[in-house]
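Engineer: Based on these hints, arrange chains B, C and D with the ligands on the given structure of chain A.
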Amino acid sequence: MNLAVQLPGLTMKNPILPASGCFGFGKEYAELYDLNLLGAITIKAATGTARYGNATPRVAETDAGMLNAIGLQNPGVNQIMEQELPFLANYDTPIMANVAGSTIEEYVEVAQKISRHPVIKAIELNISCPNVKEGGVQFGTDPALAQTVTAAVKEVSTVPVYVKLSPNVTDITAIASAAEAGGADGLSLINTLTGMQINLANRRPLLANKIGGLSGPAVKPVAIRMVYQVRQVTDLPIIGMGGVRTAEDVLEFLLAGASAVAVGTANFQHPFVCPEIIQQLPAVLEKYGFANAVEAIGKGHEHANTHLSRT
Amino acid sequence: MNLAVQLPGLTMKNPILPASGCFGFGKEYAELYDLNLLGAITIKAATGTARYGNATPRVAETDAGMLNAIGLQNPGVNQIMEQELPFLANYDTPIMANVAGSTIEEYVEVAQKISRHPVIKAIELNISCPNVKEGGVQFGTDPALAQTVTAAVKEVSTVPVYVKLSPNVTDITAIASAAEAGGADGLSLINTLTGMQINLANRRPLLANKIGGLSGPAVKPVAIRMVYQVRQVTDLPIIGMGGVRTAEDVLEFLLAGASAVAVGTANFQHPFVCPEIIQQLPAVLEKYGFANAVEAIGKGHEHANTHLSRT
Amino acid sequence: MIHEQLKIISKQLIAKDTVEMTFRGRMAQEKILPGQFLHLLVGEGTNHMLRRPISIAGVDRQASTITIIFKLLGEGTNTLAKAAPGDQLDALGPCGQGYPVDDLQLEKALLVGGGIGVPPLYYLAQCLKRKGVHVTMVAGFQNKAQVFYENQFRLLGNYYLATDDGSAGEKGFVTDIINAEKLDFDQYFTCGPTGMLKAVSTQLSNQEGFISIEQRMGCGIGACFACVVPAPDSANGYKKICKDGPVFRAKEVVLT
Amino acid sequence: MIHEQLKIISKQLIAKDTVEMTFRGRMAQEKILPGQFLHLLVGEGTNHMLRRPISIAGVDRQASTITIIFKLLGEGTNTLAKAAPGDQLDALGPCGQGYPVDDLQLEKALLVGGGIGVPPLYYLAQCLKRKGVHVTMVAGFQNKAQVFYENQFRLLGNYYLATDDGSAGEKGFVTDIINAEKLDFDQYFTCGPTGMLKAVSTQLSNQEGFISIEQRMGCGIGACFACVVPAPDSANGYKKICKDGPVFRAKEVVLT
Ligand SMILES: Cc1cc2nc3c(=O)[nH]c(=O)nc-3n(C[C@H](O)[C@H](O)[C@H](O)COP(=O)(O)OP(=O)(O)OC[C@H]3O[C@@H](n4cnc5c(N)ncnc54)[C@H](O)[C@@H]3O)c2cc1C
Ligand SMILES: Cc1cc2nc3c(=O)[nH]c(=O)nc-3n(C[C@H](O)[C@H](O)[C@H](O)COP(=O)(O)OP(=O)(O)OC[C@H]3O[C@@H](n4cnc5c(N)ncnc54)[C@H](O)[C@@H]3O)c2cc1C
Ligand SMILES: Cc1cc2nc3c(=O)[nH]c(=O)nc-3n(C[C@H](O)[C@H](O)[C@H](O)COP(=O)(O)O)c2cc1C
Ligand SMILES: Cc1cc2nc3c(=O)[nH]c(=O)nc-3n(C[C@H](O)[C@H](O)[C@H](O)COP(=O)(O)O)c2cc1C
Ligand code: FES
Ligand code: FES
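Residue numbers (numbering that gives the first Met the number 0), protein chains in the order written: chain A, 0 to 310; chain B, 0 to 310; chain C, 0 to 255; chain D, 0 to 255.
Possibly wrong hints are sitting among the right ones.
To be verified - To be clear about the criterion: a stretch of chain A counts as covered by chain B if any three or more of its residues have a C-beta under 8 Å from a C-beta of chain B, and this derived list gives those stretches:
no.: 1; region: 63-69
no.: 2; region: 95-105
no.: 3; region: 219-232
no.: 4; region: 244-257
In case anyone wonders, no lab produced these hints; they're calculated from the structure. Ideal placement from N, C-alpha and C gives every residue a C-beta, glycine not left out.
If we strip away everything but chain A, and leave its shape as in the complex, we get:
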């Protein structure tokens, strides 16, 4: 069965890509399986200079999910380009660079540099990291800022730009529309929901950063809702994510309107989850009456009224 999907900049063999931050720069998973199996790869966020990130503990388990507060740890854009990207040139899987920053200037600098690296086929503009005090989340919650930073990055990027949206907003469609107005080539959603766990024994938030980002199956209904709503206000291609761990989950995102589907947290539970999903996807598509992956995209909207309750 033909699983291929075509998104701006990303010619994908199948609609599956690991989500940013859950796959490092690919090296570790490359020891487990052939990265050429993947539709694409999103690498860990890059910032202008190296960041150490937050203190530990940085992760906590929650029911059907987890919290993380890594805090954008990365060696900085230059080192990523020198030390990490050459390895990825060994594969014919398109790479999407997740770009983060504290200021528009930083976003612009990183995007300008990294988009010029030959392995990078698209940029995912991370305006939604909840885990750093100045990590760009204000860009993800204020439509005007979202539009401005998107436009600034679009101007310098030599590859298509996907804007990664934060779910921690009253109206996701407003941010999606702002990104579109800023010239985004695509949207990526959802990043993590902000959450907290308190350690009963020492009576403090378990994560050193106190607040972290909730991901995993627990958030899937929120993610599906947001992809569905965003699909109704824009025609931009959507990379859907949030809680995916099975080929059925992938189909649910495709029906909701995603053109490709990213897998994050599930890699930790099952390190082979991406190739396994890719293997099972044809049977699942067939079971539900689809002849290929493209056919399923957006099909969850055909029976829908156009009017949705405002939420």
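Structural biologist: Frame of chain A; chains B, C and D with the ligands shown alone:
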């Protein structure tokens, strides 16, 4: 061990109360156990006139949670007062009435009437129901409207007013502060997160209303985070809820800053969950070094810096 | 209705993806009407926050056992099926209102069941037979592999079988059989997918009958309003399937 | 590192809340250093999205078995403990970097373990002994009920025991014993709670030593940056515990 907590209007034997909409008007659970065991009871939302609610299906299961789109079905405030409340007069457990509406006038009418019924000891102002097109959710996402409706209801209510907050907002503290400015006596959080599930077989949203409210353990980290954040901006008592199913969960909410803790979805999984939690709470409090329930309230903040990352 | 850990005493696959499970428990001593259901907890921890409603397909008061029959459909029923004899299942029951066997005045009953709507009708057939009522059962299944309890029903009265693909019994729907056989009865009793319920109750709209409805449930005890069905002539305009049903007089509710 | 369904061949409670579990699998044929760990999947479905890291406490290449010892702490370890001989556990391993036994030049080793830090030191003691190194073990536990493997360690060398309450061995901490006994050694190897690691490495700051650190993990393979520890002299300023550790030279990392 002394589990009693004292909140405006609510003199509670213990900090546990069923959450609105998950306990009807008490009759069904009264057949299973003695309602006098409970700290308080929140009854199903009342509106000005009877509402049928949404079409079915109205519920769906999700990982560690569920979606519901009941749509505020209720027989209307008059009939609730005549047919439902007299039964609750048989118990010495304080009753909190959940009040909903589409307009400020409707909120005011319902609050004015129901607050005068002798069994009603407090009002929970539901400005956060995500499941009806005109169900008041705009009051829960716009701080100015939240303040206005709170003030209007406070003016007519003869009992303390708790404002129930929606988690579907960019900044929960802004709404909390608005409710306080409107004169709220307490806050109640969280209501459900909006979510969706798509039925793969028929390719449409599973709930007839398409979008529903996500509740259950899946959302607990979001709820804890919000209670914790709201605790830092106001001294109003907080009724915490979202995913509670064990006495440990209750302690986590107390540490986060809740003075009482409501249990919703877990009643469906384990109909005896409330009395079971109440029975186990003393041992859990003792295990973690507390001599009574009141001592634990807000104790998760003592090690905390006052500065929190804005999310 | 009581809450009990029911002990599984037997489990078997009686048709494709169809499990028959028998429990022992004091619940069997409660008054249980056919059509009432168990509301079963699935799995451990937080994986399944909602119970699963499954009809009671048989009660043996003497042996103190209750039997259910369920189809493997999704994660919940598959998890239930993994439980083994000796294990306990957390059950609420008997839930809801069943067929009012005691109050019925009739000589000839027509039972019409489709797929997983068949199990409660088996218990109903037993109760009716015990009352001296003559039972005719029309059962519909997708195909031969799905058929179960054919012999058991034949022992209780007339039995007609239809399958969608004709691989067993007549090819067609239960309504085709009712049409073709001109069956004679005082009241009918039907349970199955909504499409079938609509077809049967329309076809038999001149007769008195009872239908049993399925709906996704939350609490299963009448507290959450998840499972309502419009009932235009009732005081509130609706009925709760879990508490007022799942069995209703055919004309009492509006199938949606 | 490989991914394998390890078959449980034995399970026993060896002290209060402490389970010893032995698996059979081809993983036992991999090169496994003491200090390396298994990253174990817990339960089914979505209840546990994170695996649990548990140190390897013994390897028998001939029998093709791997042994772990773990303490029942929370939901994860309690679920693991429910698995029975014959069941399979989904494991990644051997993960991380262990004590570099092959490269070490020493005659006398001091091993200092606290609580669930003791298990990897047992495998280390075996490897060292095999190399002809003289082993002195100082083990600390909360109380007598928690003590395990005392006899096994005694067979491998000197053994000192401390408990917080004095219910077995000396009353006090491992550092008290090191102080009191003026133990003689070339290098030390320690594993246990962070407080103990800090105390031991401060006390022995003039000596060469290795420590093994715990931290909450995501991926367990170096991809998620959950488990970093500051390492001021390294190229990046940090190390990943799951991949570069959990064993480090004592002066390489800063305990937080
Ligand atoms: C009163 C009543 C009696 C029933 N009796 C039987 C019976 O005797 N034998 C039998 O095989 N089945 C019966 N069913 C249907 C049975 O409840 C569902 O097949 C079962 O809940 C599916 O669960 P699952 O996890 O396997 O499927 P999933 O589709 O994974 O379930 C997801 C969710 O949807 C709900 N759901 C899915 N299908 C149905 C359905 N048809 N009705 C209600 N809820 C549903 C589940 O309870 C669960 O909450 C009955 C349903 C009702 C309402
Ligand atoms: C490299 C390494 C080796 C270890 N070796 C052993 C061993 O040999 N024997 C043993 O008993 N324990 C060992 N531990 C600790 C063990 O991983 C935890 O006790 C276990 O994960 C607790 O899980 P739980 O679900 O029972 O507890 P919970 O507290 O419910 O766990 C919740 C979450 O916190 C994590 N967590 C809790 N405590 C720890 C901890 N101390 N270290 C890392 N993560 C933690 C869990 O993995 C899980 O993600 C080791 C830890 C590490 C990092
Ligand atoms: C440990 C961890 C680190 C993450 N780091 C990043 C990141 O650097 N940049 C980013 O845009 N998203 C990051 N995310 C968010 C994921 O890319 C994804 O949007 C989110 O986790 C939802 O998908 P999931 O439920 O499949 O994990 C991270 C998530 C996790 C769990
Ligand atoms: C079936 C159902 C119906 C609900 N109805 C109401 C309601 O009428 N009014 C209200 O304020 N909240 C309502 N809620 C929200 C709950 O009161 C509670 O805020 C939410 O479910 C989170 O708690 P939980 O995770 O313990 O369920 C409802 C929740 C559920 C699951
Ligand atoms: S399932 Fe809750 S009222 Fe019927
Ligand atoms: S746990 Fe993921 S990098 Fe160590």
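Engineer: If a hint holds in the structure, say so; if it does not, say that too.
Structural biologist: Against the structure, the hints come out as follows:
1. 63-69: holds (count 3)
2. 95-105: violated (count 0)
3. 219-232: Since three or more residues must qualify, the claim that chain B covers the region 219-232 of chain A holds, with 6 doing so at under 8 Å.
4. 244-257: holds (count 5)
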